[in-house]
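Asks: The primary structure of each chain is shown beneath.
Number of protein chains: 4
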Amino acid sequence: MQDLQSLLETTMKQLAPLASEGTLASYIPALGRANPAAFGACVFGVDGSAAQYGDYAEAFTIQSISKILSFLCCLLDSPWERIFEKVSLESSPSSFNAIAELELHATRKPLNPMINAGAIAVLEFVAGDTAEEKFGRIRALARLLAGNPTLDCNEEVYQSEQQTGDRNRSLAYYMKSIGVIEGSVDSLLEVYFRACALEMTCADLANIARVLARDGLGDDGVVLIPKEVVRVTRAVMAMCGMYNESGRYAVEVGIPSKSGVGGGILAVVPGKMGIGIYSPPLNEHGTSVCGNALIKELSDRLSLNVF
Amino acid sequence: MQDLQSLLETTMKQLAPLASEGTLASYIPALGRANPAAFGACVFGVDGSAAQYGDYAEAFTIQSISKILSFLCCLLDSPWERIFEKVSLESSPSSFNAIAELELHATRKPLNPMINAGAIAVLEFVAGDTAEEKFGRIRALARLLAGNPTLDCNEEVYQSEQQTGDRNRSLAYYMKSIGVIEGSVDSLLEVYFRACALEMTCADLANIARVLARDGLGDDGVVLIPKEVVRVTRAVMAMCGMYNESGRYAVEVGIPSKSGVGGGILAVVPGKMGIGIYSPPLNEHGTSVCGNALIKELSDRLSLNVF
Amino acid sequence: MQDLQSLLETTMKQLAPLASEGTLASYIPALGRANPAAFGACVFGVDGSAAQYGDYAEAFTIQSISKILSFLCCLLDSPWERIFEKVSLESSPSSFNAIAELELHATRKPLNPMINAGAIAVLEFVAGDTAEEKFGRIRALARLLAGNPTLDCNEEVYQSEQQTGDRNRSLAYYMKSIGVIEGSVDSLLEVYFRACALEMTCADLANIARVLARDGLGDDGVVLIPKEVVRVTRAVMAMCGMYNESGRYAVEVGIPSKSGVGGGILAVVPGKMGIGIYSPPLNEHGTSVCGNALIKELSDRLSLNVF
Amino acid sequence: MQDLQSLLETTMKQLAPLASEGTLASYIPALGRANPAAFGACVFGVDGSAAQYGDYAEAFTIQSISKILSFLCCLLDSPWERIFEKVSLESSPSSFNAIAELELHATRKPLNPMINAGAIAVLEFVAGDTAEEKFGRIRALARLLAGNPTLDCNEEVYQSEQQTGDRNRSLAYYMKSIGVIEGSVDSLLEVYFRACALEMTCADLANIARVLARDGLGDDGVVLIPKEVVRVTRAVMAMCGMYNESGRYAVEVGIPSKSGVGGGILAVVPGKMGIGIYSPPLNEHGTSVCGNALIKELSDRLSLNVF
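Protein chains in written order, with this note's numbering: chain A, -6 to 300; chain B, -6 to 300; chain C, -6 to 300; chain D, -6 to 300.
Hints were generated in silico from the structure; no laboratory data involved.
Worth double-checking, as some hints may not be accurate.
The list treats identical chains as one, so a pair stands whether inside a single copy or across any two.
List time: in silico DSSO-like cross-link candidates among lysine-lysine, alpha-carbon distance up to 27 angstroms [said to hold, decoys possible]:
(1) Lys169 / Lys289
(2) Lys265 / Lys79
(3) Lys169 / Lys102
(4) Lys289 / Lys265
(5) Lys265 / Lys220
(6) Lys265 / Lys6
(7) Lys79 / Lys220
(8) Lys289 / Lys6
(9) Lys102 / Lys289
(10) Lys220 / Lys6
(11) Lys79 / Lys289
(12) Lys265 / Lys169
Using the sequences plus the hints, can you model the full thing?
Replies: Here it is, written out as structure tokens:
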């Protein structure tokens, strides 16, 4: 994978100036203090090969990338027919925190588990009776897949999420009022905010992505996640993972991915590799500008588009 | 007013069977236990004449009729330009607890103070620093206008409102997230739920309505509410007071009114009379079936339509 | 009415500079060529008194004011229950040419006859088998009420309406697809566009308004329109006549009115007077800036607010 | 491919009874007269192998499957940046003929070329000055890809589409009014309706799909469509091809596909095979019930899911 290492370095040096076209997420103070010049990436092959460059060891909060972990947990922990009674699997053209479609769409449930409403709703199906247990479950899966037994929630960012989380509270209470959520709103939101505040590096993301690229198998051949769960998750990532530009991304990149407003992107090339990228400046949809450009370039150069 | 008394009795006897066409509000247990056969009305002339019949002395919670009291208080207590920065004055064709229009409508504020969102938002402009003070302010005005110094919140219904108030919580947190509400959501909702749970009789409603019919003057000629405040309130009642059937009601009845899901209707015939009606079974829009029929009949027979 | 004449002159001189705050309607070339300084008004008392000032004899196309005439004709010509199966009577907070609410609102019919969709739909209930007959019917009523047997459609403006009428075509075909409209879309649109292009003066508008203020009676005491039709029309004007600022207008002015993007306003003060105003520069909602200011001033000074 | 032939036969015999769960498209009389028991399928491998069973030689109109052909033509004939100025590439959770999202969605353009609005809009970018030329262009591509030089529009169905096409007219005029469409609405709709009425067999569909599975190469190695055009088209099919159940379909089937209310499905397994299926009874979203079940079974049994 020497060539990939070179490609990564060359491409990232070329793309780095694009950071100036993005803006830092501002709604959470801690995110607004990120280093806009930070740019890191890890590409881990399913065969154990690895390429990495830049600030790949810098930690950041994964924000919406946590939606993959929550979704994996709920698929692992609950009967699927119960989950899909409460959350659909369709893409949404609206913003990730839109509420109108909950009221106007005939199904009266969140359109998919990659928008905020859906990601909150699926938490009811994650194992655990308390917020602490549910978050513990998600963190445990994250640690297992990332092979990093110490990764954890950034307490300061979590507090910020709580303080600025009124839109998510509105979504959750709306879902409670129409029966999509049955339990405690405060408890589910605590889990949601803590999962968003999980702190990882590009290496962590790429390790998680690599397990998904290996159909759920760990390096020792042990099944970490059943293949069917992985396949559903990859499909949902492909359809809905990049907010309301998932369609454009499918056409231009074609790799099941999930971005977060912390600047991270986790991308899974089935059977080939797991990718983790970090660069905080965001485009208008909430996705890392440099991260988006880098993965597009990798997809083009390495023919990774699944379509 | 002997003729009016006869008219009231005759009409109410004729209309009473219509109660079977309505259904009791069920979302709050206490409302679901109301007597569906209860039917009372008071018509108090601006000149002091009075007609009343049926269960006019029975107490019930005023629910949405409280929106008039909250709106009056905010108009009395705060600069109007600040209020109307946060709440519009346009009718809404949507349900009283709709949230989509908060997101989709260009103004990004509640359409009017007679729907739940607007009624919650105006509470920030009612005098008082705490929920207790703000509710005290509203209750004091209610007692003053009704001439009933002991009317108060029904604590059991208030608790029910709190327990079933997730949709209103969703509306409030949404408004908080877009800056329509700046203070504590919990505090405003406490005021809102307590105002909805104010307990009155038809006589109380008719007394309040009579002050509004008298342009805000008390019987002794004292100004209880400035005329301009009364006029604005009557206009808003005419435009938005009967949920999303306000237009039909304007055509058929044409009297500034406000209904509540507790079965009450407060109606103001400017310069002529104040009307209070109570009958719990509701139509699909949340208005008392018998109340609606009675006021239509009164409007027709007494030529009360302002249009 | 000498005082009124003075009031009118003084007020109009004061308000004339406001014209610079508005903009001419631009979507139809002919409207964009109007004289922005034109400002005229007629106030005709039910008793025969009259005040008029400025460019009150200048002809202009009435545009949306024609919605009153179409609505009057359908109420006169068809059973009301059939009309109200197809068109509601509720205000709309959306723009006059909005289409989304036709699809999203549960009733699946135009919200009221004062928005474009509703005004097109009611034309099916105007007497006549052809576009020519239906338009003839509307023009005949206009001539009768205005006492002006020669008023007619401005052919150039009509042609412009046809050429730029794609949004209205879209509304009409949508209504056809959901069964609100059953007949020929082209035919109804021809009637609609011709009615919009009816050319009148302030005097014509004030004469029409005066008949409505007189509950439908002509000067000789003959019933030109039944009282019940007049009352319904005035209520609908009050609720929906000023586009999506009808609520604000009710609060500030409180007179059943209808404005048009040609710069005209027709206002009916029940039992008192009919008013016609003309000044082409429009506010953001499509209503004459000077016209709006003038009628507000008249309402304040003469206590015309019905609420 | 003997095994595939057996699998196809066995599976289709098992699934045939599902036809009773669907309903025939009724809005076009000709579609309502289809044989509900008809069930055919062709699976053509990229290597020239073939399996086919049932009513695979029966002709039917392709309806929405034509959206692929129109999209291919516009990508071949016009600069892509001009196309994507007018049509987005995002999935829609709404019905295929929804109009509200055109007005409410911030981009003010059709969400993707697989819903009616988008499919009409892209026709402006198909080569040709007249409806005849544009349709000729689409038909020519269809004939080339299907290897069937005589396939053509079913004139009777085309006439039916015209007669019942009011919703599409509404969409087109709306787009014209907001500048998405610049040319003649009637002309574009003629092309649209004619393309929907193209008559094909399962073999035709499978042949077209097989070219797309071969990255655009014909059997003789000639480039029929450039690879990049094929990739974009397959991505859009995967994201938006199955109406508003594209997400569920991605999870369950994971094959770029397009269905039509005529009962056809065209599915492309990149690098492997092209599939054409026909069975008229539809599910609530407008997709063939048996066709959907068959392709899901093929995907499961042959591991065709791309995710």
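Asks: Could you run down the list of hints and mark each one as holding or not?
Replies: Taking the hints in turn, this is what the structure says about them:
Proximity of Lys169 and Lys289 under a CA criterion of 27 angstroms is satisfied in neither setting, with 39 angstroms inside one chain copy and 34 angstroms between copies. Taking the closest pair of Cα atoms, Lys265 and Lys79 never come within 27 angstroms of each other, the shortest separation being 33 angstroms inside a single copy and 36 angstroms across copies. In the homo-oligomer, the alpha carbons of Lys169 and Lys102 lie at most 27 angstroms apart both inside one protomer (11 angstroms) and across protomers (23 angstroms), since each shortest distance falls under that limit. In this assembly of identical chains, Lys289 and Lys265 lie within 27 angstroms of each other by CA distance both inside one copy and across copies; the values are 16 angstroms within and 25 angstroms between.
For the identical chains of this complex, Lys265 and Lys220 are neighbours both inside a copy (15 angstroms) and across copies (22 angstroms), given an alpha-carbon limit of 27 angstroms. Taking CA atoms no more than 27 angstroms apart as the test, Lys265 paired with Lys6 passes inside one copy only; the shortest distance there is 24 angstroms, against 38 angstroms between copies. Only within a single protomer do Lys79 and Lys220 lie at most 27 angstroms apart by alpha-carbon distance; the minimum there is 23 angstroms, versus 40 angstroms between protomers. Taking the shortest alpha-carbon separations for Lys289 and Lys6, only the intra-copy value of 15 angstroms comes in at or below 27 angstroms, while the best inter-copy value is 44 angstroms.
For the homomeric pair Lys102 and Lys289, the shortest alpha-carbon distance between copies (25 angstroms) is at most 27 angstroms, but the shortest distance inside one copy (32 angstroms) is not. For the identical chains of this complex, Lys220 and Lys6 are neighbours neither inside a copy (37 angstroms) nor across copies (29 angstroms), given an alpha-carbon limit of 27 angstroms. Proximity of Lys79 and Lys289 under a CA criterion of 27 angstroms is satisfied inter-copy only: 23 angstroms between copies versus 34 angstroms inside one chain copy. In this assembly of identical chains, Lys265 and Lys169 lie within 27 angstroms of each other by CA distance neither inside one copy nor across copies; the values are 41 angstroms within and 46 angstroms between.
Consistency note: the structure conflicts with the earlier hints numbered 1, 2, 10 and 12.
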